[in-house]
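Asks: Sequence lines, in order, name chains A and B.
The first sequence runs 1 to 438 under the UniProt record's numbering.
The second sequence runs 1 to 438 under the UniProt record's numbering.
FYI, nobody ran anything at the bench for these hints, they're computed from the structure.
Only a predicted model underlies this, so the values are computations on that prediction, with no experimental measurement involved.
Wrong hints could be hidden among the right ones.
Stated by the list, open to error - Here chain A is said to cover these stretches of chain B; the calculated rule only asks that three of the stretch's residues, wherever they fall, bring their Cβ under 8 angstroms from a Cβ of chain A:
1) 26–34
2) 58–65
3) 106–116
4) 142–155
5) 280–287
6) 303–312
Stated by the list, open to error - A short, non-exhaustive set of chain B residues, derived as facing chain A with CB atoms under 10 angstroms:
7) 55
8) 68
9) 95
10) 96
11) 99
12) 102
13) 253
14) 255
15) 276
16) 277
Just so it is clear, CB atoms sit at the ideal spot from N, CA and C, and this is done for glycine as well.
For reference, the chains in residue letters:
Number of protein chains: 2
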Amino acid sequence: MPRITSVEAVDVRFPTSLTQDGSDAMNKDGDHSAAYVVLHTDADGLAGHGFTFTIGRGTDLCVAAALQRAEPLIGRDVGELCDDLGAVYRELQSDTQLRWLGPDKGVVHLALAAVMNAVWDLAARRAGVPLWRLLSEMSPEQLVDAADLRYLTDALPREQAITLLASRESGRRQRIAELEVSGYPCYTTSAGWLGYSDAKLRRLCEEAVAAGYNYVKLKVGASLDDDIRRCRIAREVLGPDVHLMIDANQVWDVPEAIEWVKALAAFDPLWIEEPTSPDDVLGHAAIRKAVAPIGVATGEHGMNRVLFKQMFQAGAIDYCQLDAARLGSVNEILAVYLLAAWFDVPVCPHAGGVGLCELVQHLAIFDYVAVSGSLDGRVTEYVDHLHEHFVEPCVVRNGAYVLPGAPGYSAEMYRQSLETYRFPDGSYWTARAAGAST
Amino acid sequence: MPRITSVEAVDVRFPTSLTQDGSDAMNKDGDHSAAYVVLHTDADGLAGHGFTFTIGRGTDLCVAAALQRAEPLIGRDVGELCDDLGAVYRELQSDTQLRWLGPDKGVVHLALAAVMNAVWDLAARRAGVPLWRLLSEMSPEQLVDAADLRYLTDALPREQAITLLASRESGRRQRIAELEVSGYPCYTTSAGWLGYSDAKLRRLCEEAVAAGYNYVKLKVGASLDDDIRRCRIAREVLGPDVHLMIDANQVWDVPEAIEWVKALAAFDPLWIEEPTSPDDVLGHAAIRKAVAPIGVATGEHGMNRVLFKQMFQAGAIDYCQLDAARLGSVNEILAVYLLAAWFDVPVCPHAGGVGLCELVQHLAIFDYVAVSGSLDGRVTEYVDHLHEHFVEPCVVRNGAYVLPGAPGYSAEMYRQSLETYRFPDGSYWTARAAGAST
Numbered sequence: 001m002p003r004i005t006s007v008e009a010v011d012v013r014f015p016t017s018l019t020q021d022g023s024d025a026m027n028k029d030g031d032h033s034a035a036y037v038v039l040h041t042d043a044d045g046l047a048g049h050g051f052t053f054t055i056g057r058g059t060d061l062c063v064a065a066a067l068q069r070a071e072p073l074i075g076r077d078v079g080e081l082c083d084d085l086g087a088v089y090r091e092l093q094s095d096t097q098l099r100w101l102g103p104d105k106g107v108v109h110l111a112l113a114a115v116m117n118a119v120w121d122l123a124a125r126r127a128g129v130p131l132w133r134l135l136s137e138m139s140p141e142q143l144v145d146a147a148d149l150r151y152l153t154d155a156l157p158r159e160q161a162i163t164l165l166a167s168r169e170s171g172r173r174q175r176i177a178e179l180e181v182s183g184y185p186c187y188t189t190s191a192g193w194l195g196y197s198d199a200k201l202r203r204l205c206e207e208a209v210a211a212g213y214n215y216v217k218l219k220v221g222a223s224l225d226d227d228i229r230r231c232r233i234a235r236e237v238l239g240p241d242v243h244l245m246i247d248a249n250q251v252w253d254v255p256e257a258i259e260w261v262k263a264l265a266a267f268d269p270l271w272i273e274e275p276t277s278p279d280d281v282l283g284h285a286a287i288r289k290a291v292a293p294i295g296v297a298t299g300e301h302g303m304n305r306v307l308f309k310q311m312f313q314a315g316a317i318d319y320c321q322l323d324a325a326r327l328g329s330v331n332e333i334l335a336v337y338l339l340a341a342w343f344d345v346p347v348c349p350h351a352g353g354v355g356l357c358e359l360v361q362h363l364a365i366f367d368y369v370a371v372s373g374s375l376d377g378r379v380t381e382y383v384d385h386l387h388e389h390f391v392e393p394c395v396v397r398n399g400a401y402v403l404p405g406a407p408g409y410s411a412e413m414y415r416q417s418l419e420t421y422r423f424p425d426g427s428y429w430t431a432r433a434a435g436a437s438t
Numbered sequence: 001m002p003r004i005t006s007v008e009a010v011d012v013r014f015p016t017s018l019t020q021d022g023s024d025a026m027n028k029d030g031d032h033s034a035a036y037v038v039l040h041t042d043a044d045g046l047a048g049h050g051f052t053f054t055i056g057r058g059t060d061l062c063v064a065a066a067l068q069r070a071e072p073l074i075g076r077d078v079g080e081l082c083d084d085l086g087a088v089y090r091e092l093q094s095d096t097q098l099r100w101l102g103p104d105k106g107v108v109h110l111a112l113a114a115v116m117n118a119v120w121d122l123a124a125r126r127a128g129v130p131l132w133r134l135l136s137e138m139s140p141e142q143l144v145d146a147a148d149l150r151y152l153t154d155a156l157p158r159e160q161a162i163t164l165l166a167s168r169e170s171g172r173r174q175r176i177a178e179l180e181v182s183g184y185p186c187y188t189t190s191a192g193w194l195g196y197s198d199a200k201l202r203r204l205c206e207e208a209v210a211a212g213y214n215y216v217k218l219k220v221g222a223s224l225d226d227d228i229r230r231c232r233i234a235r236e237v238l239g240p241d242v243h244l245m246i247d248a249n250q251v252w253d254v255p256e257a258i259e260w261v262k263a264l265a266a267f268d269p270l271w272i273e274e275p276t277s278p279d280d281v282l283g284h285a286a287i288r289k290a291v292a293p294i295g296v297a298t299g300e301h302g303m304n305r306v307l308f309k310q311m312f313q314a315g316a317i318d319y320c321q322l323d324a325a326r327l328g329s330v331n332e333i334l335a336v337y338l339l340a341a342w343f344d345v346p347v348c349p350h351a352g353g354v355g356l357c358e359l360v361q362h363l364a365i366f367d368y369v370a371v372s373g374s375l376d377g378r379v380t381e382y383v384d385h386l387h388e389h390f391v392e393p394c395v396v397r398n399g400a401y402v403l404p405g406a407p408g409y410s411a412e413m414y415r416q417s418l419e420t421y422r423f424p425d426g427s428y429w430t431a432r433a434a435g436a437s438t
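Modelling step: build the complete structure from the supplied sequences, incorporating the hints.
Replies: Quick look at the structure:
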């Protein structure tokens, strides 16, 4: 009976600010980073890997918080933990002293995500299946037991969640077979970072079309003139049929968002993403009403399930972009998927950063197989970036994620990558500091 | 020209869990704590003191975050900082890498509160006046420049905020004179902690009436039978005229909150506080509609101004209980007071914990003098607890805060208290650890 013997947490930072990969109107100089957690066990070769995604400074805070969050796991029986993943989540989440620092938001919640991501990875590895399959083989009752429905029962009582999942049970096998052929559709954001030149934007749009993408996303929001010019270039290259999405990364107040998006309406964007504060449910509802038929999307900074519940209740968004490393892992993500299906809002998970693509492919596949049972309006983000650090990187073919086959949550990074990019004492950062000081 | 020479941050924890002071349905074992910040200067005797309030584990995270937040202040000219308190707030707040870990919520935001509370304390000390007077002598334009109105302009454009403040300018002096006589009204929570026996509850209610309080608050939410018995005791002692408030500290889902509060309606509570998740704007609106005329109050876990904006827009609360150490200091608190006045919702700040009473007295006084100009429905929390650690503790007489006269934000703790209760190496904690290990 294997036990968890120790918890390792690593502050790993990649120097993406040097190339402006990932640059947008709010985040001009992010170093894509992770607070990376390993749950070591005494079973040969068995460990759980997870992380939360960060962009540089403060990753150390998430690492310190993750060690506190994970402390109750040390010495615990792996089988008992994996047999009741709702119980372990509730145990870690209910530390009332840490809860005060949220609740369910900010550093302590990101840390919970990192730790529980590692627990779910461990559970899938122990079962010898990829996470999407572990979830797809759970019964409706098991899924609802694992989900965090606290504060959601006014919108979705437990019994209705079970009924919803049960209604989708019969087609699971067929939908898996479909995805094994076609993959799960994705779009690319790699073309449209704000720091890229017009020539690079044009070339990357051309490459996206050539690679079979039906969706391309551009960053906007720093300068309206620039946005008009960049959207024109993109629309020229994409033609009328490839979908163009735009993403403002929270830079606008509500009235400005409405005005700016209307000025870009001629380029027929499918959605405006993060038009304002991620906390502003009523603001998103107002923007949605004003810019229709352009859709409103948000969620990568959606702090918890209570926010998403309200987004759905208020009819505030057309697309739910939950984040696999910001919500409290699969337990809270399950709740948001259930709510989204109940309110009939498509979930198009946020990805990119470090390793988010690796995680969200599992979630999107599971959603199609067992929750929404639909691909309508659903397309998952993909950014071709930093995958080389992962032992089982996601694979995209013809604008679709290929179903991952290896056991786990695809979260494991190469030891060499951790050692090179560990902050501040990995070899990359020590060399850079030495270079800076000469 | 004095400069900031260094930043000190202390993890200070008081062992309140031993006596159940502060116990409620959600937080049964809090050790009231603070991430305490001192901005040292090279001017003789001039320093800024501030903190955020925590309840034990994780205070170290806030301390580490505060040091990162405050780093840009080191070496800076005190006069320049104090002459544009909006600029320094925006500079610290706009660190995009730390922003990713919120934005504007959780540990990084609590840390911003701690640091900016110290900056405001420094500014008031430098001016030689208590903080409430510093604010009360600022012009409408200066106040609005200091306020964080980002993401709020759909509800309250800058010009309207200035107009609102200007309309209250003429009576400032008279209202100060009034408060110098009567103080600012407060209520006590000291009677009603959940862990107290019935006999202690009865005695403390009797003492509260004898001390002149017109408002008494009880914790509820763990057991309905207990709540009915405790409310009956309280109402018996208080009689029909003293207001009784009840506080559930977020333990209920929305349907349960409605049912439970209705079961306590016979005891005529003035408000139900924190009936559900602090993030649930629409949930509070639903509860308010269902339990009227009992009022709904929340805010001590209100993470930022965007949440409060929506609480007001949705008509979700009757009382706004902002927290002086959770919001981003005076800059963000100003914005919430302005919104509250605009929407005509009384602000009754959360206090208690460590030092929150010391802070909120300044805010409440300033609100009456310069923002709302009203005392209607306004009563500030007071808990008789841990004041002995403060150099200038708040003073309550006849159920009202006496106007503080010393320069600053009343935030300074005795050095001896810091040294005794610093975690884990202060003398109290080392002695306790030694005792535990024998």
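Asks: A closest beta-carbon separation below 10 angstroms is what the hint needs, so does residue 95(B) meet it against chain A?
Replies: holds, 7 angstroms
Asks: So, residue 55(B) near chain A? Judge it on the closest CB pair being under 10 angstroms.
Replies: With a closest approach of 5 angstroms, the residue 55(B) hint holds.
Asks: At least three residues with a C-beta closer than 8 angstroms to a C-beta of chain A: is that true for the stretch 58–65 of chain B?
Replies: Coverage by chain A holds for the stretch 58–65 of chain B (6 residues, Cβ < 8 angstroms).
Asks: Examine the stretch 26–34 of chain B: at least three residues should have C-beta closer than 8 angstroms to a C-beta of chain A.
Replies: With 6 residues in contact (Cβ-Cβ under 8 angstroms with chain A), the coverage given for the stretch 26–34 of chain B holds.
Asks: At a Cβ distance under 8 angstroms, does chain A reach at least three residues of the stretch 142–155 of chain B?
Replies: It holds, with 5 qualifying residues against the three required.
Asks: Going by Cβ atoms only, is residue 68(B) closer than 10 angstroms to chain A?
Replies: At about 6 angstroms, which falls below the 10 angstroms cut-off, the nearest Cβ of chain A leaves the hint on residue 68(B) intact, so it holds.
Asks: Any CB of chain A closer than 10 angstroms to the CB of residue 102(B)?
Replies: Since the shortest Cβ distance to chain A is 6 angstroms, the answer is holds.
Asks: Three or more residues of the stretch 280–287 of chain B near chain A by CB distance under 8 angstroms?
Replies: holds (count 5)
Asks: Take the stretch 303–312 of chain B, compare each residue's beta carbon with every beta carbon of chain A, and decide whether three or more fall closer than 8 angstroms.
Replies: This one holds; 6 residues, not fewer than the three required, reach chain A with a Cβ under 8 angstroms.
Asks: Min Cβ distance, residue 277(B) to chain A: is it shorter than 10 angstroms?
Replies: Nearest chain A Cβ about 4 angstroms off; hint holds.
Asks: Given residue 96(B) as an interface hint, is its Cβ closer than 10 angstroms to any Cβ of chain A?
Replies: holds, 5 angstroms
Asks: Examine the stretch 106–116 of chain B: at least three residues should have C-beta closer than 8 angstroms to a C-beta of chain A.
Replies: holds (count 5)
In the structure shown, no violation is registered for any of the earlier numbered hints.
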